[in-house]
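Novice: Assemble the whole structure, with the sequences as input and the hints as a guide.
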Amino acid sequence: MSAAPAAIAVEDLTVAYDRRPAVHHVSGRFEPGSLTAIIGPNGAGKSTLLKTIVGLMRPSEGHIERAGLSRSDIAYLPQQAEIDRSFPITVADTVALGLWRDIGIWKAITGARWRRVSDALASVGLKGFEDHSIGNLSAGQFQRVLFARLLVQDAPVILLDEPFAAIDERTTADLMEVIKFWHEDRRTVIAVLHDMEEVRRHFPSTLLIAREMVVWGPTAEVLTDEALRRARALSDAWAHGAESHAHGRAA
Amino acid sequence: MDIYQHLFAPFADYGFMRRALVACLALSLGSGPIGTFLVLRRMSLMGDAMSHAILPGAAIGFLVAGLSLWAMSVGGLVVGLTVALLAGVISRATALREDASLAGFYLISLAAGVLIVSTRGSNVDLLHVLFGSILSVDDQALLLVAGIATVTLAALALIYRPLVAECFDPGFLRAVAGRGSLYHVIFLVLVVVNLVAGFQALGTLMAVGLMMLPAAAARFWAIEVWSLSALSIVIAFASGWAGLLISYDFDLPSGPAIILTAGAFYAVSILLGRHGSLRARYFPGAHFHTHQELLP
Numbered sequence: 001m002s003a004a005p006a007a008i009a010v011e012d013l014t015v016a017y018d019r020r021p022a023v024h025h026v027s028g029r030f031e032p033g034s035l036t037a038i039i040g041p042n043g044a045g046k047s048t049l050l051k052t053i054v055g056l057m058r059p060s061e062g063h064i065e066r067a068g069l070s071r072s073d074i075a076y077l078p079q080q081a082e083i084d085r086s087f088p089i090t091v092a093d094t095v096a097l098g099l100w101r102d103i104g105i106w107k108a109i110t111g112a113r114w115r116r117v118s119d120a121l122a123s124v125g126l127k128g129f130e131d132h133s134i135g136n137l138s139a140g141q142f143q144r145v146l147f148a149r150l151l152v153q154d155a156p157v158i159l160l161d162e163p164f165a166a167i168d169e170r171t172t173a174d175l176m177e178v179i180k181f182w183h184e185d186r187r188t189v190i191a192v193l194h195d196m197e198e199v200r201r202h203f204p205s206t207l208l209i210a211r212e213m214v215v216w217g218p219t220a221e222v223l224t225d226e227a228l229r230r231a232r233a234l235s236d237a238w239a240h241g242a243e244s245h246a247h248g249r250a251a
Numbered sequence: 001m002d003i004y005q006h007l008f009a010p011f012a013d014y015g016f017m018r019r020a021l022v023a024c025l026a027l028s029l030g031s032g033p034i035g036t037f038l039v040l041r042r043m044s045l046m047g048d049a050m051s052h053a054i055l056p057g058a059a060i061g062f063l064v065a066g067l068s069l070w071a072m073s074v075g076g077l078v079v080g081l082t083v084a085l086l087a088g089v090i091s092r093a094t095a096l097r098e099d100a101s102l103a104g105f106y107l108i109s110l111a112a113g114v115l116i117v118s119t120r121g122s123n124v125d126l127l128h129v130l131f132g133s134i135l136s137v138d139d140q141a142l143l144l145v146a147g148i149a150t151v152t153l154a155a156l157a158l159i160y161r162p163l164v165a166e167c168f169d170p171g172f173l174r175a176v177a178g179r180g181s182l183y184h185v186i187f188l189v190l191v192v193v194n195l196v197a198g199f200q201a202l203g204t205l206m207a208v209g210l211m212m213l214p215a216a217a218a219r220f221w222a223i224e225v226w227s228l229s230a231l232s233i234v235i236a237f238a239s240g241w242a243g244l245l246i247s248y249d250f251d252l253p254s255g256p257a258i259i260l261t262a263g264a265f266y267a268v269s270i271l272l273g274r275h276g277s278l279r280a281r282y283f284p285g286a287h288f289h290t291h292q293e294l295l296p
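Top to bottom, those sequences are chains F and D. Numbering follows the numbering used here, with no gaps: position 114 of the first sequence is 114. Numbering follows the numbering used here, with no gaps: position 79 of the second sequence is 79.
I should point out that these hints are in silico values taken from the structure, not numbers from a laboratory. Small disclaimer: the values here were computed from a predicted structure and weren't measured. Among these hints, one or two may not hold up.
Away from chain D, derived, C-beta distances all over 12 Å, residues of chain F [stated by the list, open to error]:
no., residue
1, N136
2, A155
3, K180
4, F181
5, H194
6, R201
7, V215
8, E221
9, L223
10, D236
What follows is a list of derived Cβ distance ranges for each label pair [claimed, not checked]:
no., chain 1, residue 1, chain 2, residue 2, range
11, D, V22, F, D119, 30 to 38 Å
12, D, W226, F, T110, 33 to 41 Å
13, F, H63, D, A230, 41 to 49 Å
14, D, D99, F, G55, 24 to 32 Å
15, F, I105, D, A100, 33 to 41 Å
16, D, R18, F, S86, 34 to 42 Å
17, D, L85, F, R20, 20 to 28 Å
So the derived list for chain F, only partly shown, Cβ under 7 Å to chain D, looks like this [what the hints assert, rightly or not]:
no., residue
18, M57
19, D73
20, Y76
21, E82
22, P88
23, I89
24, I109
25, W114
26, A165
27, I167
Every residue gets a Cβ at the ideal spot worked out from N, C-alpha and C, and that includes glycine.
Specialist: Right under this line is the structure:
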């Protein structure tokens with residue numbers, strides 16, 4: 001199905017852990033149907049921003065305008081480290097969790113819904129893997145399973161936290177095709193990424209942050225040497241500030 | 001004939017043995033699935049700490065009303081839940097990690113419980129509270145244990161899907177349903193009520209044994225949540241049955257006999273289980289194959 005385009009506006013957003021800001025006064029707008037990469041140094045607040053958009057973290061200041069989007073209109077791919085891969089669950093049951101909007105807590109998963117699960121698995125190249133335990137999959141295969149769950153969620157907004165971390169090139173290429181399909185289908189896709197080449201090749205818009213927003217706009221205008229230098233300097237300044245703060249408190 | 005004499009006659013001949021066996025069945029039905037989720041959520045230590053946290057509550061109930069089933073159960077329930085919530089709050093509000101916070105509460109609870117019972121009761125009372133007496137389970141206690149098992153199974157059936165999602169991928173559940181902590185709290189309540197049920201029969205020190213050992217043993221044989229839960233129930237009930245017979249035949253205390261039987265199941269599973277056991281890892285045999293599939 002083609003999704004209704006949806007915008008997300010971030011207004012003067014600050015998000016803090018233990019009163020230390022991980023995202024500091026960021027403002028901007030993810031346009032409807034846009035495909036945006038969020039990049040920045042380690043600890044720049046990229047994942048925190050994504051989690052706040054999903055609603056997993058609360059803003060300390062500012063707010064996020066989700067333009068009438070309900071919780072089930074946003075599909076979220078967490079980092080693999082946040083999922084217990086030793087949990088005894090099959091591939092089909094994992095993907096079927098994506099049906100949550102339709103089945104909620106109690107509704108049965110009927111034949112037509114299982115077909116959606118199988119179709120999604122086939123789309124990510126895992127046809128016939130339904131009964132496999134997730135513990136027996138490689139990192140790349142497991143990421144394909146999580147993408148199949150996103151396909152089943154069928155949401156107009158899709159947030160991806162490091163979707164290509166620690167997976168092989170072929171899987172990255174296959175999953176990039178799924179992301180392109182979402183973009184062509186006018187869904188709003190936001191992905192936290194590290195690989196600059198990937199961002200340059202596939203993502204029209206980019207947000208560069210280092211806790212504070214450095215630049216947000218067309219990728220070619222964001223990925224400049226000067227902007228990246230500024231991001232690193234800002235990141236160092238924040239880290240140095242936190243260190244001084246800790247020393248000050250210790251003294 | 002010999003088999004009947006050994007396995008069934010003590011239960012046919014004596015009402016107290018029948019009641020003890022039914023109590024074991026009811027405890028197994030509730031504790032098996034709860035133990036499975038505790039193991040899957042890596043909360044085994046939490047189960048242990050909770051079982052000890054029940055002690056001062058039960059002791060206060062004992063202080064107020066003597067060896068009253070309801071007073072001790074309500075006391076255990078209230079203090080158990082309070083400690084579960086306090087341990088969570090302290091680990092979130094301070095730099096102390098949850099395992100250290102639980103260990104602190106567990107030691108304080110054990111000492112406080114023993115102290116309270118000692119001020120009023122005899123050593124016999126203290127032993128009853130610490131180690132239970134499954135052979136003296138009366139109809140009232142049986143009803144309580146059976147009622148808790150019924151509520152537990154019904155509640156688990158109702159929250160099964162979000163509970164699985166919360167164990168496996170908590171971020172996903174919070175993103176789609178937004179109420180992850182609600183299911184966590186319901187689960188904690190179920191842990192405490194099942195420990196209160198177990199405490200009636202096995203005492204505070206042993207109650208957690210019938211919850212954790214069968215669930216830990218099942219992990220070596222089954223690979224799905226439902227089969228792990230079912231196998232935990234079977235192992236717990238088999239431990240109850242065999243433990244009662246051992247205690248009857250050799251005149252041994254029944255609680256420790258049941259827990260040690262569950263311990264034997266656990267030890268055998270570590271050695272010979274199908275998944276992740278020493279045998280499976282180091283002596284896989286001719287039929288060994290990896291489940292790792294080729295990349296698509």
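Novice: For every hint, state whether the structure bears it out.
Specialist: Quick rundown of the hints versus the structure:
no. : hint                        : verdict
1   : N136                        : violated, 4 Å
2   : A155                        : violated, 10 Å
3   : K180                        : holds, 19 Å
4   : F181                        : holds, 17 Å
5   : H194                        : holds, 20 Å
6   : R201                        : holds, 23 Å
7   : V215                        : holds, 28 Å
8   : E221                        : holds, 32 Å
9   : L223                        : holds, 29 Å
10  : D236                        : holds, 26 Å
11  : D:V22 x F:D119: 30 to 38 Å  : violated, 49 Å
12  : D:W226 x F:T110: 33 to 41 Å : violated, 19 Å
13  : F:H63 x D:A230: 41 to 49 Å  : holds, 47 Å
14  : D:D99 x F:G55: 24 to 32 Å   : holds, 29 Å
15  : F:I105 x D:A100: 33 to 41 Å : holds, 34 Å
16  : D:R18 x F:S86: 34 to 42 Å   : holds, 41 Å
17  : D:L85 x F:R20: 20 to 28 Å   : holds, 27 Å
18  : M57                         : violated, 10 Å
19  : D73                         : violated, 11 Å
20  : Y76                         : holds, 5 Å
21  : E82                         : holds, 5 Å
22  : P88                         : holds, 5 Å
23  : I89                         : holds, 6 Å
24  : I109                        : violated, 10 Å
25  : W114                        : violated, 15 Å
26  : A165                        : violated, 15 Å
27  : I167                        : violated, 10 Å
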